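*Asks:* Each chain, letter by letter, is given below.
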Amino acid sequence: MSQIPSDTGSSTRSRSRVLVSLSLLFLLAMYIAPLYVGVYSASLFRDAMLFGLMALGLDYLWGKTGVLSFGHATFFGAGAYGAAIISTQFGMDPSYGAWLGLLGGILFSCLIAFIVGYFLIFGGVRGSYFTIVTLALGVISVHVVLTFSEYTGGDAGLLGVPPLSFPTVDGFRPLSQLGQYWFVMTTVCAVTCGMWWLCSGRYGALLKSIEDNEQRAQALGHNTSLHLLIVFVGSAVIAALGGALYASSVGVVATDSVNLILSTQAIIFVAIGGRGTLFGPVLATVCVIWLEQEVSSINVQLWPLFMGLLFILAVFVFPDGVLKRAEALFSMIRPVSGPGGRA
Amino acid sequence: MSAVLLLETRQLNKRFGGVVAVDDVSISIRPLEVKCIIGANGAGKSTLFNILCGALAADSGSVNFEGRSLAGMKLHEFSRAGIARKFQVPSVFESLSVQQNLETSIHGAISKPDLAARVDAMLNKVDLVGMRNQLAGNLAHGQKQWLEIGMALMSDPKLLLLDEPTAGMTLDETQRTADLVHGLARHAAVVAIEHDMSFVRALGCHTYVMHQGAIIVEGDFVDIERNDLVRDVYLGRA
Numbered sequence: 000m001s002q003i004p005s006d007t008g009s010s011t012r013s014r015s016r017v018l019v020s021l022s023l024l025f026l027l028a029m030y031i032a033p034l035y036v037g038v039y040s041a042s043l044f045r046d047a048m049l050f051g052l053m054a055l056g057l058d059y060l061w062g063k064t065g066v067l068s069f070g071h072a073t074f075f076g077a078g079a080y081g082a083a084i085i086s087t088q089f090g091m092d093p094s095y096g097a098w099l100g101l102l103g104g105i106l107f108s109c110l111i112a113f114i115v116g117y118f119l120i121f122g123g124v125r126g127s128y129f130t131i132v133t134l135a136l137g138v139i140s141v142h143v144v145l146t147f148s149e150y151t152g153g154d155a156g157l158l159g160v161p162p163l164s165f166p167t168v169d170g171f172r173p174l175s176q177l178g179q180y181w182f183v184m185t186t187v188c189a190v191t192c193g194m195w196w197l198c199s200g201r202y203g204a205l206l207k208s209i210e211d212n213e214q215r216a217q218a219l220g221h222n223t224s225l226h227l228l229i230v231f232v233g234s235a236v237i238a239a240l241g242g243a244l245y246a247s248s249v250g251v252v253a254t255d256s257v258n259l260i261l262s263t264q265a266i267i268f269v270a271i272g273g274r275g276t277l278f279g280p281v282l283a284t285v286c287v288i289w290l291e292q293e294v295s296s297i298n299v300q301l302w303p304l305f306m307g308l309l310f311i312l313a314v315f316v317f318p319d320g321v322l323k324r325a326e327a328l329f330s331m332i333r334p335v336s337g338p339g340g341r342a
Numbered sequence: 000m001s002a003v004l005l006l007e008t009r010q011l012n013k014r015f016g017g018v019v020a021v022d023d024v025s026i027s028i029r030p031l032e033v034k035c036i037i038g039a040n041g042a043g044k045s046t047l048f049n050i051l052c053g054a055l056a057a058d059s060g061s062v063n064f065e066g067r068s069l070a071g072m073k074l075h076e077f078s079r080a081g082i083a084r085k086f087q088v089p090s091v092f093e094s095l096s097v098q099q100n101l102e103t104s105i106h107g108a109i110s111k112p113d114l115a116a117r118v119d120a121m122l123n124k125v126d127l128v129g130m131r132n133q134l135a136g137n138l139a140h141g142q143k144q145w146l147e148i149g150m151a152l153m154s155d156p157k158l159l160l161l162d163e164p165t166a167g168m169t170l171d172e173t174q175r176t177a178d179l180v181h182g183l184a185r186h187a188a189v190v191a192i193e194h195d196m197s198f199v200r201a202l203g204c205h206t207y208v209m210h211q212g213a214i215i216v217e218g219d220f221v222d223i224e225r226n227d228l229v230r231d232v233y234l235g236r237a
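Going down the list, the protein sequences come from chains A and B.
Under numbering that gives the first Met the number 0, think of the first position of the first sequence as 0, with each following residue one higher.
Under numbering that gives the first Met the number 0, think of the first position of the second sequence as 0, with each following residue one higher.
What the hints contain is simulated information worked out from the structure, not anything from laboratory work.
It is possible that part of the hints are untrue.
[What the hints assert, rightly or not] Some chain A residues close to chain B (C-beta under 10 Å, calculated; not the full set):
hint, residue
1, ALA216
2, GLY220
3, HIS221
4, ASN222
5, GLU293
6, SER295
7, SER296
8, ILE297
Just so it is clear, the structure is predicted and the values come from calculations on it, not from any experiment.
We put the CB at the ideal spot given by N, CA and C, even for glycine.
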């Protein structure tokens, strides 16, 4: 950054100051929102943020390395089912059963991603072939859930997943609705910021170089298959964290947290939010789910129409996502950024 | 050969279906040596390079680097052993800045000040200081070629393979690239594939002539230019 001419440098800095203060205001509003909008709306936002984690995981994979997974609901679902089965089927005390479930769900998803990812990535499967195989993964996982119904509850799903408990003055207490909202909000913010920080430096550039020209990156000494596998497993872990927290917050897990529709939605969230922006997909998820609620309350049949419209808009009007488009509008109002100012 | 060989190939063969792309090629390169491989299109030069840098496996024959066999090693392991390559088509990472291109050209951990110092030194060496924040995709063709040479050099290779480094360059740029290569030869051995005779003449090094996959003549470029066989199969009909 030090090499950028000073005028561009200072305006970039003032621009990022505005962005940071806007984000902080937005965060503060999100933190105090449930006190005004009520518990029901708060739980809606909470669930939306957890789906946002799934979108974040997918963006880490698709946005940063260009590898598109069409089965990311599998990892969300593996986290959710893993957490639900461990915390309800073994008669554990919910105060620690919920935490073990969270951990187990994430490990379960991690294992699936490692096995599938190892054979695909080290087997040289890339591009659309990778997407198609992961699509099959999504189909398989629904069948697995329906087949092993004595553990998964089949079509009915699993009920009574306990919420996470925290130590208080009078022993372990499960989180209240509001507590869950704040806990989820904090976790999602921390993970998103953490991923952004991780990808902001040389590591992000390395992933981008693999997307640009993988063979070239190999010829420079990078073990690209290993990098891609780590990203794939990492993205599954983030999605599983969302899934496991979803199970413990909502208390119910059903096939709609593994099915193909959810995988498709994850892709749409990332496309609308802007591939590779990390923050964008999380925001887009929350906005789209909120919009779904509003539109469906007018007429349930309107929503698929809206979703299709949004997707067409995402492809034609803002192919880089709403964030980038908003940023472009922002710099039109305050013409500050010179060419290459963000490089 | 007095000194220890850096790279040695013995009877390398590679076929694509019925086409013999590399036919019984045995070459050797000593440390800090500069060599050229010339030949018409389809003579098998790039295939030979692909075998030397690990992108292709030979059907038979051996490649030894510093006395070790490279058989069965992966592309990134060739690079870590000390073989760097500039591809024929400039393949810089177009969506990264010039600086990021150089930064990603070192694998493994490196401290921030070390990395910054090496990137600065390389930007000077390949004359791209003013371009460091530009996207590599926006560079002129000759600049991309230089950036890619810089990327190949970031890991301090022992052997640098240049596949048509001056393709598409102006006369002036070609001359400067020849100077650059001579400068590089103080730190690494260089093998260049070239079409451009003015570049090979400027390098004035030991040269192999490939024809239909085989090496037909080798020797100093001045002698090669006078060789009747070479004139016949290549230079005369160029």
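*Asks:* Okay, which hints does this one fail, numbers in order?
*Replies:* 5, 6, 7, 8
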